[in-house]
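Asker: Protein chains in written order, with our numbering: chain D, 1 to 234; chain Z, 235 to 696.
It is worth saying that the hints were derived from the structure and are not from the lab. Every value quoted in this text rests on a predicted model; they were computed, and no experiment measured them. Check before you lean on any hint, since a few could be wrong.
[Claimed, not checked] Just the calculated beta-carbon pair ranges, DEER-fashion: (1) Glu-42(D) x Lys-578(Z): 16 to 26 Å; (2) Gly-327(Z) x Thr-51(D): 41 to 51 Å; (3) Glu-458(Z) x Gly-56(D): 38 to 48 Å; (4) Pro-454(Z) x Thr-51(D): 47 to 57 Å; (5) Glu-42(D) x Gly-589(Z): 36 to 46 Å; (6) Glu-418(Z) x Gly-56(D): 48 to 58 Å; (7) Asn-145(D) x Asp-463(Z): 32 to 42 Å; (8) Arg-422(Z) x Glu-97(D): 57 to 67 Å; (9) Met-604(Z) x Gly-56(D): 44 to 54 Å.
[What the hints assert, rightly or not] Pairs of lysine-lysine residues, derived as BS3-like cross-links and limited to a Cα-Cα distance of at most 30 Å, are as follows: (10) Lys-578(Z) x Lys-602(Z); (11) Lys-616(Z) x Lys-220(D); (12) Lys-208(D) x Lys-616(Z); (13) Lys-473(Z) x Lys-460(Z); (14) Lys-602(Z) x Lys-616(Z); (15) Lys-470(Z) x Lys-521(Z); (16) Lys-579(Z) x Lys-569(Z); (17) Lys-470(Z) x Lys-208(D); (18) Lys-460(Z) x Lys-521(Z).
In this text, a Cβ means the ideal position worked out from N, Cα and C, and glycines have one as well.
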Amino acid sequence: MTDAPVPAVPEGVHELDIIGVRHGAFGASGSGDTSGFGGLVEPIVMPAPATRPFGGWFDEVSDEIELSLEARNLPATGVIEKVVIHRGEITYHVRREHLVAFATALRDEPGLRFELCLGVDGVHYPDEEGRELHAVYHFLSITHNNRVRVEVSVPDGDPVIPSLVALFPTLDWHERETWDMFGIVFEGHPALTRILMPDDWPGHPQRKDYPLGGIPVEFKGATTPPPDQRRSYN
Amino acid sequence: MSTDNVTYSSADEPDVEYSSADEGPDAYSGSYETTEGRVYTVSGGDWDTISPAPEGEHDRIVVNMGPQHPSTHGVLRLILEIDGENVTEARAGIGYLHTGIEKNMEFRSWVQGVTFVTRMDYLTPMFNETAYCLAVEKALDITEQVPERATVIRVIMMELNRIASHLVALATGGMELGALTAMEFGFRERELVLDIFEMVSGLRMNSAYVRPGGVAQDLPPGGEQKIRDTIPLLRKRLKDTADLLVDNSIWMGRTVGIGYLDLAGCMALGITGPILRSTGLPYDLRKAQPYCGYENYEFDVITKDTSDVYGRFLIRIEEMEQSLRIVEQALDRLKPGPVMVEDKKIAWPAQLSIGSDGQGNSPEHIQKIMAESMEALIHHFKLVTEGFRVPTGQVYAAVESPKGELGCHLVSSGGTRPYRVHFRDPSFTNLQSVAAMSEGSMISDVIAAVASIDPVMGGVDR
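So that you can see chain Z by itself, here it is in the shape it has in the complex:
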């Protein structure tokens, strides 16, 4: 079977003849004829050194912003057609961070998949893991059996992660618009959250903490208290960050009325998350289709009706406060109990602990499988090497990530590996709105618009 059985006729494409080195000022720049006229490629240097188009020819200047540009949020390439400082056409080029995560997951066990998905949108690892695990649990039909404590821990970790993600959105967004103090504050406060992640899972990012059936391990001794102690500090410092920008006239000058996208535009372009809520629609999956017991928590869905960058900024600021509210309620709901399903055919057998040689299986578990119970050893071996099987069928599970609806479409053929996993990453879909938000605006507003979308290229390209 051929893998590429469609060929396009080349008739539609312009007949291009490249002639780089001879005619251009250097080896990388040159000019060539197209059906639409002569095209000059320019890199580096001064505008003065660029030869002007011959008289009577129409000038179109296409500028590549990125993929390596400090204010394009990672390896995002913006292709801007400009007329002076005005953007007449904007296109986003993606794929520079494509790592084949979906394909790779088809060659690992269901549990190993967690370590891949956590690396997609690397600022929201807990959401990636939870979306994937909710989908696996749905396919296994064990959603009801996930212990209460595991679900509450998931909620705590997700809401803390939402704060961390929004802080990076504010920090990088602030930096891109010249508010460097906001950047320093944002990254500093984010460390408070990452410290909690490190203490609970062993890793600041990419923690692979949420597992099918529960979480990898219980909160460590003193973990609950540490989270309780961090909340007031976070609350105080979040206010400092907000105070820096909320009524800041320079900040407002750069963001109010910029990057406009109304509700109809959001619906057509499939936009979710803070961008959708900035149009005034209170749509939040945590309220609309609750998962992980979100119906038990009291919190508000933040909306603004400005449909602009400033509105999205305010939404992120206020959502962080709501997340702290949820974490406080979740801590109160935390009751002792197991953090993994009962079913020994699915539950990861070992708890982790820190030994002299780093993190590994707990000594009690090793004592049990190596010295006491041969059946436990067999079980451990089978689960770790072969893994469990998931019944055939397909499911879709979605969570409200800080960027919007993060969906996981999962197909199982009854094997020990996923047959197909696809992630509907909110950044991927939301990034399509760059053109609608920035065409007709200034180049500097493109930066503000992209910052308000808060795309993370790891999630966009997967």
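With the rest of the complex left out, here is chain D:
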């Protein structure tokens, strides 16, 4: 199945939004499937970037962010890759070299005041070439009762993101967990060590290329394979 042709990028879809390709519909191959569904090939497309006006308070916050970035001599287009609005939540995709400036603006600008950072976690997209590892931050403003999400993408070969521990000390353990589970290096973290896995553990368990592990379960007259080898219906 994997040698099936990769479809062209559909009309109107931004290349950055494609995170992979889905083959078939049943998670099984070579089964003599005659339904045709097993031969499906389609790109996995994340929600498209939003364009102005965003609606609601999203515009006010975005204006504030752009103003405060300009005050720091940073053009917003160079800092923010794209803005995605999905299910009533706003996500700013920020280039890593400007993450610290962006987070400082979020925390300090009176119109923004995202004083509470709720942590960072990783997401691994192995098929997104050059942007395999994403770090996702959630910010909460108690002052304005808003939430925003900030996403930073880095290539697998150079998985370095500046640490925000100096701005938000709560990120200490969160960044350690993301390093532990995804291998994202947070440059400037005071002690970036493993936190959940043992210190000498090889690999980063929550990456997609890291196997789940497990053993077959034997029943009377039958065996169930471990979860990662069962049919998946992708």
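Dock chain Z against the given chain D, drawing on the hints supplied.
Answerer: Chain Z in isolation, oriented as in the chain D frame:
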């Protein structure tokens, strides 16, 4: 692709040469040279048997409290540097209960995920399940379609769960500080709540009761009445527990002014829940960003301004009373109706019932799929084996758990399984404050501080 493409040079690490058995008093204790001097490892035995450091060398004593210690709240390891009875540095070591729940969920259907999340913070299963289900429903864009009755049942179960969780916090906290009667009372009262859970879901804990789209099954006959009957009993007994401790001079001596963390500290460390409210900030997600219809209930956000262990204790006591208020209002709002979304492509088809061989699909449902409707059988089979698909995208849903903000960050790639689920567990974040709360205090105060954080290691390590 390599899974570990970053290597640290060993230059930064001290050049350690271990020499255990020959020089130490037993095989597990020994001494070794480091760049900072000779380090002696000691386990068990008397202080007298420990060889003192040679004259002129600086003494630093680092004590491991835990991971197996009755008063560290589960497998929490506290690494304390002490000077006599005073703690000069405190660090928390976690990971002893890491079970890979987030990774495992990527290999199960969306509905099966509920059975995993319920086991994270095992004292707040209803909150874990609801946070996860709210996130799945948001990703499916069916939040508005969840029936009223299911939402009200969720609120009832969550608020009862809050009481159970706070009771364990008081019980274990009391036990750790020597108030054993409080422990006995706390666990006894918690059973009243767990009895309700057992009657409604079939299980005392880890009930997997809240499901994407609603709840697993309706309240059983007599369930509503049982909850109504339990409330006065709980209210009376909660008062007994509170009376034991609130004005208790020994209890106050151990908790007043201990474990201090002010608002600035809470903001920096991302602390939420009773610890944040003990600084005087009335921040509660149920009021600030209501979910599950919490805007329809009358209740107070309890705050204290002492920023100490005693304040957090009082907050938990009073929050239980507020939870009872919410449960009473929710019972009045309970109207007959469905408890699962209409959409048959998402709704779990079967209701559960108790048969001669235990809990399983109800006989009516089995009769229907096996004898009456082939389409229903196909639907049942597809939903149970394959599950439903969730559109691509990411969402974040948060609930106010007894410990603080419990958030669920969920990424879907359009498949029948979560692409990535991450839980922002309040215990994980709040536990970071151990150092700020206990450095400079006595060892005994560390216990009180940890008890007031109320960490549950199942949630911390996931």
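Asker: Run every hint past the structure and note whether it holds.
Answerer: Each hint, compared with the structure:
no.: 1; hint: Glu-42(D) x Lys-578(Z): 16 to 26 Å; verdict: holds, 25 Å
no.: 2; hint: Gly-327(Z) x Thr-51(D): 41 to 51 Å; verdict: holds, 48 Å
no.: 3; hint: Glu-458(Z) x Gly-56(D): 38 to 48 Å; verdict: holds, 39 Å
no.: 4; hint: Pro-454(Z) x Thr-51(D): 47 to 57 Å; verdict: holds, 52 Å
no.: 5; hint: Glu-42(D) x Gly-589(Z): 36 to 46 Å; verdict: holds, 43 Å
no.: 6; hint: Glu-418(Z) x Gly-56(D): 48 to 58 Å; verdict: holds, 52 Å
no.: 7; hint: Asn-145(D) x Asp-463(Z): 32 to 42 Å; verdict: holds, 39 Å
no.: 8; hint: Arg-422(Z) x Glu-97(D): 57 to 67 Å; verdict: holds, 58 Å
no.: 9; hint: Met-604(Z) x Gly-56(D): 44 to 54 Å; verdict: holds, 50 Å
no.: 10; hint: Lys-578(Z) x Lys-602(Z); verdict: holds, 15 Å
no.: 11; hint: Lys-616(Z) x Lys-220(D); verdict: holds, 25 Å
no.: 12; hint: Lys-208(D) x Lys-616(Z); verdict: holds, 26 Å
no.: 13; hint: Lys-473(Z) x Lys-460(Z); verdict: holds, 20 Å
no.: 14; hint: Lys-602(Z) x Lys-616(Z); verdict: holds, 16 Å
no.: 15; hint: Lys-470(Z) x Lys-521(Z); verdict: holds, 27 Å
no.: 16; hint: Lys-579(Z) x Lys-569(Z); verdict: holds, 25 Å
no.: 17; hint: Lys-470(Z) x Lys-208(D); verdict: violated, 52 Å
no.: 18; hint: Lys-460(Z) x Lys-521(Z); verdict: holds, 28 Å
Checked against the numbered hints above, the structure violates only hint 17.
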